[in-house]
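Number of protein chains: 2
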Amino acid sequence: MRGTARPRAGYALVIATTTASVADICAAAKDASRTLGRVDSGAREAALEAMAAALEDRTGEILEANARDTEAGVEGGLDAALLDRLELTPARIASIAADVRRVAALPDPVGEVIEGRRLANGLELRKLRVPLGVVAVIYEARPNVTVDSAALCLKSGNAVVLRGSSSAEHSNAVLTAVAAEAVVSAGLPAASVSLVAGGGREELRDLATQAGLVDLIIPRGGEGLKTTLSRYATVPVIYAASGNCHVFVDVSADLGDAVAIAYNSKVQRPGVCNAAETLLVHEGIAADFLPVALRELHEAGIELRVDARGRTLAGAALAPVLGAATEDDWDTEFLARILAVRVVDSVEQAIEHVNRHGSGHSEAIVTGSTESARAFTDAVDAACVYVNASTRFTDGGQFGMGAEIGNSTQKLHARGPIGLRELCTFKYVVEGSGQVRA
Amino acid sequence: MRGTARPRAGYALVIATTTASVADICAAAKDASRTLGRVDSGAREAALEAMAAALEDRTGEILEANARDTEAGVEGGLDAALLDRLELTPARIASIAADVRRVAALPDPVGEVIEGRRLANGLELRKLRVPLGVVAVIYEARPNVTVDSAALCLKSGNAVVLRGSSSAEHSNAVLTAVAAEAVVSAGLPAASVSLVAGGGREELRDLATQAGLVDLIIPRGGEGLKTTLSRYATVPVIYAASGNCHVFVDVSADLGDAVAIAYNSKVQRPGVCNAAETLLVHEGIAADFLPVALRELHEAGIELRVDARGRTLAGAALAPVLGAATEDDWDTEFLARILAVRVVDSVEQAIEHVNRHGSGHSEAIVTGSTESARAFTDAVDAACVYVNASTRFTDGGQFGMGAEIGNSTQKLHARGPIGLRELCTFKYVVEGSGQVRA
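Those protein sequences? They're chains X and Y, same order as listed.
The numbers in the numbering used here rise by one with no breaks, and the one at position 429 of the first sequence is 429.
The numbers in the numbering used here rise by one with no breaks, and the one at position 278 of the second sequence is 716.
FYI, nobody ran anything at the bench for these hints, they're computed from the structure.
Do not rely on the hints blindly, as some may be mistaken.
Capping the alpha-carbon separation at 30 angstroms, the derived lysine-lysine pairs in DSS-like fashion look like this [to be verified]:
1) K226(X) with K664(Y)
2) K127(X) with K565(Y)
3) K226(X) with K565(Y)
4) K664(Y) with K127(X)
Bound conformation, chain X alone (with noise of 0.2 angstroms):
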């Protein structure tokens, strides 16, 4: 356990909530969230714009409280990649004020109505599209994700609980400071933005069964938090999930996109969710694609684990840097410059294959015909499915929906993006005129 953080004048509005229990700072946000509920969105608007603009002219107090977390991370002997996650400078704190000023600008989710009809008693029904409440979000070294939470969460109209890691507790204070007091500044209640101190189990599990009081759970890191949370959860849970994604190349692909495709997937950025892990090539064209994908992937430095048809498929040039890939590789999300490749029969084990071994995520075939674009479409079972396209696109900024906390591979509520509207439930308002049922 790790010591709380050391009033300092620019975080006071925090340090009252980091003495006060999980449980209280979940009601007071239940108590901020009603508020926020009912305010127009130019309200919501004006706190994010008040937010970035108190970002930046509070860097330097930032930056200082930064410098604490990355002094203690060396001295604790975080590695570089960490340490580099949990370091902000100027032009970052710029970039995320400006993140701020882009989610201010979508459009706001609530209030949207979603369907509505005159029922035949003459009753109105609408189904308007409103918050959930009090959203919390647990994450990892990288304090941006504060500010990118607590915005996304307030454009929504709900209240946040942010649970950031102990290593970026100063960051993660001062961040949190200034949203709340960005958000008193547009005149709404301190409690829309709070941070629970202390990185430990007991305060994660007090977050986790605040059932009535905290609405959704919306954990943002690796699979030991998941497998807590799975375990003690009694609020509902959205699982940002990683995923293993495949490409399938068909016999009627065009060999360009196949390649490029493929490419794309792999190579793009392959420590993401929505890079590829395993390519699938149908026999029938394995002998044109895989002798070019393969040396092209080879190239750009990543390690090939393909089956043995593949591997004589491709060509004895290319011997010599394949290895063999195992069964455990098909159920593995490598997050890393790592490619399994396996040789099919048809679309249907194309298939097969993914509906057995993918994570749900994103799925895309390479082909020119029209009834294997269909049957791959028809029958993955996956978030976003696509045809002559990178697995990479899955992404709420990229799918018009403005930006996103994450990706869900569940089934219920959110699957896909996780953008604003997924962070919104709705309500039935039906408006009569004295209607009883008979």
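Chain X is fixed; fit chain Y onto it per the hints.
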């Protein structure tokens, strides 16, 4: 534990499944769901039509099986209400068959384009409604739920795993057999409909932990079932909730409408989830409203539990028939001929009461004021909020959703009536022409 159903020629199909483990049944259902998810709506409709016809053709056999259950129920000392729920008659079977035909005729939710657009890079994005996969329905005595659940799940393209109570085991076995044979006659897999034998806790736990095979559990039973599920389930559950619903009579209400709506919300069917449990009355109208409304409610046999101010304002004539409300009454779902009554100072106090004590199901305001109506619909945190109409309208059929499998007070995925659309998820299908991410 009970014995398993004895083999009978008429339900050979079911016997095959009752000897299988819960995991095997769910795996077979998952396989069947892959087929169901790809067939056109015509095949699913044909299966439902065949099911309705088979229910009629095999009425004798169904009645025979049902007689065994009711005889066992009489011997086992089931009370009259439960026996009535258990009993099938030719008229009830005809009504069940008619319900199946009604579901068959509903618009197909599968494949509906929820939204879609062409992205700047030329990608064609569609968000399509698709079946969840395997839906498990857990229910108590009433055997009509077997057919009803099967019809709704098949119509929405899902395989269904049914788990009824042991008191209806023979009825459920023959009804499931009839359904499964009808499904087969329409060319769909038998495992589209299956029954888990045994009403024990063990089967319940087995079913609740088939994550990856079962996509959703819908419990249609009492609080004990829900508590068990919330403890063990790793599969997502949508709780078909009971409701603590309110009618608030504002100062500006039309007196005739207010009396009619309060009466209808409580009296029309007191034992159901959308019946009112507490009546809130603005103090400015209470002296006019309460003497009339409470008289009518009393004459309808409703036990009235009224706060002190309400008892005074109701007048001396009613005093002998009014009980005193306690704090506990505000939190109680009577589901009976009992109504709690409280006088409040304002619409804000009514909102505060509803949000504190309500279960988020159905809440009504009776008012002549657009301002009060707006305040109530904005601030009340519930699935269905009514202005000048009875709470009793919360129902999939009434809402024009065709049919429902229950009502949800959850905020994620399904809120309010759980109809065919709520038994679906969606997927994004994105069609390109070689697009890769820059």
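Here's how the hints hold up against the structure:
1. K226(X) with K664(Y): holds, 24 angstroms
2. K127(X) with K565(Y): holds, 19 angstroms
3. K226(X) with K565(Y): Between K226(X) and K565(Y) the Cα gap is close to 27 angstroms, so the pair holds against 30 angstroms.
4. K664(Y) with K127(X): holds, 27 angstroms
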